[in-house]
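Enquirer: Given next are the chains, with one letter for each unit.
Protein chains: 2
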Amino acid sequence: MLSSVKRFLIGRPLKSTELGEQKLNKTKALAILSSDALSSVAYGPEQILIVLITVSAAAFWYSIPIAVGVLFLLLALILSYRQIIYAYPHGGGAYVVSKQNLGENPGLIAGGSLLVDYILTVAVSVSAGTDAITSAFPALHEHNVLIASVLVVFITLLNLRGITESASILAYPVYLFVLALFILIGVGLYHTFTGHVPADLHTPVGTPVAGISLFLLLRAFASGSSALTGVEAISNAIPNFKSPAPKNAAATLIAMGLLLAILFSGIVYLAYYYGITPKEEETVVSQLAAETFGRNFMYYFIQGTTAMILVLAANTGYSAFPLLAYNLAKDKYIARMFTMRGDRLGYSNGIIFLGITSILLIIAFRGQTEQLIPLYAVGVFIPFTLSQTGMLVKWIREKPKGWQVKLTINAIGALISFLVMMTFFITKFPQVWSVLIFLPLLVFLFHRIKKHYEAVGDQLRITTCEPAVPIEGNVIIVPVAGITHVVENSLNYAKSLSADQIIAVYIAFEREDERIFEEKWKKWQPDVRLVTLHSYYRSIIHPLTKFIDTVQHKAEESNYKVTVLIPQFIPKKSWHNILHNQSSLLIRAFLLYRRDVIVTTVPYHLKQ
Amino acid sequence: MLSSVKRFLIGRPLKSTELGEQKLNKTKALAILSSDALSSVAYGPEQILIVLITVSAAAFWYSIPIAVGVLFLLLALILSYRQIIYAYPHGGGAYVVSKQNLGENPGLIAGGSLLVDYILTVAVSVSAGTDAITSAFPALHEHNVLIASVLVVFITLLNLRGITESASILAYPVYLFVLALFILIGVGLYHTFTGHVPADLHTPVGTPVAGISLFLLLRAFASGSSALTGVEAISNAIPNFKSPAPKNAAATLIAMGLLLAILFSGIVYLAYYYGITPKEEETVVSQLAAETFGRNFMYYFIQGTTAMILVLAANTGYSAFPLLAYNLAKDKYIARMFTMRGDRLGYSNGIIFLGITSILLIIAFRGQTEQLIPLYAVGVFIPFTLSQTGMLVKWIREKPKGWQVKLTINAIGALISFLVMMTFFITKFPQVWSVLIFLPLLVFLFHRIKKHYEAVGDQLRITTCEPAVPIEGNVIIVPVAGITHVVENSLNYAKSLSADQIIAVYIAFEREDERIFEEKWKKWQPDVRLVTLHSYYRSIIHPLTKFIDTVQHKAEESNYKVTVLIPQFIPKKSWHNILHNQSSLLIRAFLLYRRDVIVTTVPYHLKQ
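From first to last, the protein sequence lines stand for chains G and S.
In terms of this note's numbering, the first sequence is residues 535 to 1142.
In terms of this note's numbering, the second sequence is residues 535 to 1142.
One chain only, chain G, in its complex shape (with noise of 0.2 Å):
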C-alpha cells in the first residue's frame, strides 16, 4: 500500500545505470539553478530604495551608482565563479575549494554556512511566495503557514521525482518570469524615451543631497548585493550537468549572470525614472507594473510570475543543499545517510532532510520569515569570501599560466564580497550577530561527528590476527507468558539449536498464579527447566533484566555466550498490532542496547 503511494508520488525506481540519462541540460539547467538568483530581483532593487528613503526621496538617484556597484560585484563573482568551475569540475563549491586551498576549519566553515542557508533559502523564499499569492487571495492570510508547507511538501516531491522531471515543470514559469520583466523593461525604457513619463518624477544624478553618508551608502549597497545570493548555487551543482559537464555549467552561469544583470539594471533604472517610492504596502515590481501597464492583464500577468519564481527559488536548494550534504556526508563530517542515491537517482535524504526543516522554520516564524533575511545574506558572503580567498591561495601556490589574471579577478571577488560580508555585521548587527554563535557550534558538531565515524572505523577494522575469544557454549533464556503455539515453537527451535541450556522465565505479578504455572509447566515441558519470578512493580523488564544479569555473569565465566529467545506472534494483518502488548519489542530494544547479550525473535504467523 505504502510502496504504491510512493510509486505514484514520485515515479518508479531507476537502476543505477539509468543515471546519466538524470542529467540537465543548459536550458534546463539555467531555469532550475537560477531560479533564486533571478527572483531575487523582485526584492533587491527595493531593498537599496528602503535605505536610501531614511535620508530623503531626493537621495534616489544615488541608487544608480549604487546599482553600478552591484552590478561590478556581480561581473567578479560571475568570473570568480567561473574560474572555480573549470578549476573544480566535481562541485562542491566553496566547501570543496575552502577546504583545499584554505584548510580544514576555513571548509567546514563555508560548507556549514552555506547549509544552513539554503534551508533558509527555501523558507524565506516560500514564505515571500506565499505572501505575494494571500495578497491576491486576503481571504487565504489565516492559512499562509498551511500554503506555505504545502508548496514546501509539493517541491520536495517533485525533487524526488529526479532533478530532469523537476526542471521540466519548473522551466516555464522562470522563463516566463523572464519574460514578463524583459517586456516590462521593454516597454517602460519605450515610455521613457518617448517623454511619456514627466522628467520631474526625479532628482537628476548628481544633486546634492544633505544627510546622506558612506555607512548609509555601504548599507544600501549591501542591501542591494542581496540580489547576488543564489549566484553560487551552479557552481554547486556541476555533477547535475551533461557532459562536458564544466562548459555547460560555465555558459549557463554567464548566461545567467547576463539576464541578472539586465532584469536588475533595468528595474533599478526604471524605479529611479519613474521616481518610485517602497511602500509598505506594495512592492516596487508592482509599483512599476501598475505605473507601465496600468492593472490590466500585463500587471497580473507580472505579479503571478513573480509569485511563482518567488516560491520556485526554494528550488535552488533543493538543487544544491543535497550535493553540498554528499560532499560532507562523503568527508564525514554529516551522517553516512546522505551519500545515499534514492529510488530516483537523487540524494533523497538530503531532499527530505531540506523539506522537513524548513517546514519546521516556517512553522517555528510562522511564515514571517522576513526576520531571517538579513541572516540568510550573511550566510551567502561568508562562502563568497572564503571561496574567492581560497582561489586567490591557489593561483599563488600553483601558479598556472596567465596566473596573474586569475589572481586579479579572484582578489577583486574576494575583496569585494569580504566588504559586502563586514557591511552587512557591521550596519545590521542586531539580525545578524547569531551567525557567531550558530556558525562555530555547527564546525564544532561536524568535528565531533568526524571523531566518531573515525573511532567507529578503527575499532571495527580487523587490523591484528589475534582471533576473538572462543564460544565455548551457549545458554538460551526464553521469556514465555504462558502455555500457547508460541512459547511451543520457540522452545522447539530453542532444542534444535543444540544449546548447553535452556532456560524459560516466567515472570508471574501474583504469588497464586507463580504457584499454579509452575505445576502445568512441569506436566507440559517436564524437560526444560522453569525460573518463575515475581515482579513487585508489575514491570516484566527490571526482573526479567535482573535475571539475565545474573545468567550472563555466569556464563562470562566460562566462556559461554547468552542468548535471549523471544517467542513472539505476528499478527495477520498490522493494525491488530496495537491490539497486543508490544512487550516483546520493548524487550528486545532494552536488552541489544544496554546488555551484551544476543537477542532472537523467533515469529509465530497467525493465520487469521
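Hints in this document: simulated from the structure, not taken from any laboratory.
It is possible that some hints are incorrect.
Repeated chains share a single entry, so a pair holds when one copy, or any two copies, can fit it.
What the hints assert, rightly or not - No more than 27 Å apart at the CA atoms, straight line, and that leaves these computed lysine-lysine pairs for DSS-like:
id : residue 1 : residue 2
1  : K1080     : K962
2  : K1029     : K1088
3  : K1141     : K1106
4  : K1054     : K864
5  : K1029     : K1054
Let chain G serve as the given structure and place chain S on it in line with the hints.
Expert: Showing chain S alone in chain G's frame:
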C-alpha cells in the same frame, strides 16, 4: 535520564500491594468525582434563559417550573444511580448494567457513548475554563489552545501520580467553589428578602406570554438538563472508594445530589428574581455576582473559583474513563493495554489516551469546543436511558424484596432520560446527528476487536496433543557489509550454534566491488560460503529477501529452519545511532513481519 524525569513528574513506582492505600475517602471522592456535575451549574441555568429569551424576557418566569422539572429529573437520577451502586458494587456503570440486562449491543452503545463523552468532557471543560481565564487576561487570548493543552497535560500528570494525590490537590478548588456559590446565594437571598432588589425586575410566575410553545419549553428543559451531566461518574468509579465501597459511594452520591440541587435552584431563582438576561460577553453567574457584591473581592473570588472548577470538571473524565476502558478492555472490546496498571497503580494507558485525544480535539477545534456541548449532552443521556432501562429489566427478572418501589424509581428515571434524549435529537438535530454515525461505527469496531482477540486466542491455545512439525536442521544466513569485527563476531556465534549450513550474503552496488570482496573473503573466511548479490536499485532489502525466499523454499522441503543472523554494532551513546544507517533495523522488521524466518541480532558493543 528519561526515567528520572518520569520519577519527578509522577513519583516513585508503587508496589502492587500498595493498591489499598490509593483508595478515596468520601470527602476526597466528592471533590474529584463531582467537579463535572457541580461545575455545570455555572452554565446550566444560563442555557435555560438562552432558550427562553428567543420569545421574550417576560418568559423568564418559566425558568422556575423548568428548574423544578430538572430537579425532579435529578432526584430520579440520584435515586436510580443509588440503586445501581448497590446492585453493581464493582462499578462499570451504564456499560455493565446495560450489557448484563439488555444484552451486548446496548451495553456497547452505552459504553462507547460514555467513552467518547469523557473525552468531550475534558476538551469542553478545559476549553471553557481557559476562556474564563483569558477573559480576565485578554492578552493571553491568542494562546488559548496552548493554555488549554498545558492544562490538560497538568491534569494528566496529576492523575498519573495517582488518584489520592490528585484528590488532595483538587479538593480545595472544588470546595472553594461550593463555598463561593453558597455565599453568593445566601447574600442574594438575603437581599431579596430584605427588599433590596426592586420587585419589578421580574415578571410574576404565571404571567401569560405570547409565542410560548411546548417545543420551546421542552428545548429549554433539555438545555437545563445539561447541568446534570457528570451525575453518573460516581457509579462508574466505585472501585476507587475505600471499603465499604458501595456504602461510601452511595453517601457521596446523595451529598453530590444535594449540593447540585441547592446550587442549581439557588442560581435559577436569583437569576429570575434579579431579572438577569443572558449576554454574549458576560455569563449569568458573573452578572449575578456583580449585582450582589459589585465588582469587589467577592466578585473575583466567585469568578476565579468558577474558572478553576470548569478546568477541574475535566478531572471527572480522568476518574471515570480509565475504569470504563478497563471494563471494555477486560471484555476484549478495546485494546488490552487499557487493563494494565501503571507505576502509580492507576490505569495509566487510559489516562494518557484521554489526555492525548482531548488535546487533539482542542487543537482541531482551535479551543472553541462549545460547538461540542450538545453532542456531549446527548452522549450522556443515551447511557442514562440505557442503564435505567437495564435496571428496570433486572427488577422485573429478579423480583427482589420491595422490587416494585425500585422498579418505579428506575422506570421514572428511564422515561425522563429518554424524553430528554429525544428532545435533544428533535430540537438540536443539526448539532447531534453525527452521534447516529459514529456510535454504530464504534460498536462495529468493538465487535471487530473482540473477534480478533478471540481468533488469536483460538490459534494460540494448545488444544490437541499433536506435536509441532519437528525441526530437522538449521540454515543460518548472515548478511555482511564488510570485513570487520562486527561480522567476525556474528560468524563466531553462528559457528557455535552447530548449524547445518552458514551462508554469508554480500550485496554489492557495483560489479567491480563484487569481485574484490569475493577475493578478500576467500582469504579471510575460507570455510564460510559467501554469496554475493548485485543490487540494481541500491536497495539492500529486495535482493536479500529474494535470496532468503529461495533458501527458505529449499529448507522447508526438508523441515529445516532458516535463521537470519544480523551483525549489528551498538554505539556507546544513543545519539550516535542517527549517524549510522539503520539498515539492520529495517531488515529485521521487514523479515519478521513478512517472512517466516527467525531473526537474530548479534550486538557488537563499541567501547568508544
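Enquirer: When no copy is specified for K1029 and K1088, does a C-alpha distance of 27 Å or less occur within a copy, between copies, both, or neither?
Expert: both (21 Å within a copy, 22 Å between copies)
Enquirer: What label fits K1054 with K864 when the C-alpha limit is 27 Å: within, between, both, or neither?
Expert: between (59 Å within a copy, 24 Å between copies)
Enquirer: Measure nothing new, just compare the shortest in-copy and cross-copy C-alpha distances for K1029 and K1054 to 27 Å and report within, between, both or neither.
Expert: within (20 Å within a copy, 35 Å between copies)
Enquirer: Quick one: K1141 to K1106, C-alpha cut-off 27 Å, is that within a copy, between copies, both, or neither?
Expert: within (6 Å within a copy, 40 Å between copies)
Enquirer: With identical chains treated as interchangeable, where does the CA-CA distance between K1080 and K962 reach 27 Å or less: within a copy, between copies, both, or neither?
Expert: Intra 60 Å, inter 60 Å, cutoff 27 Å: neither.
Against the hints set out earlier in the document, a violation occurs for number 1 only.
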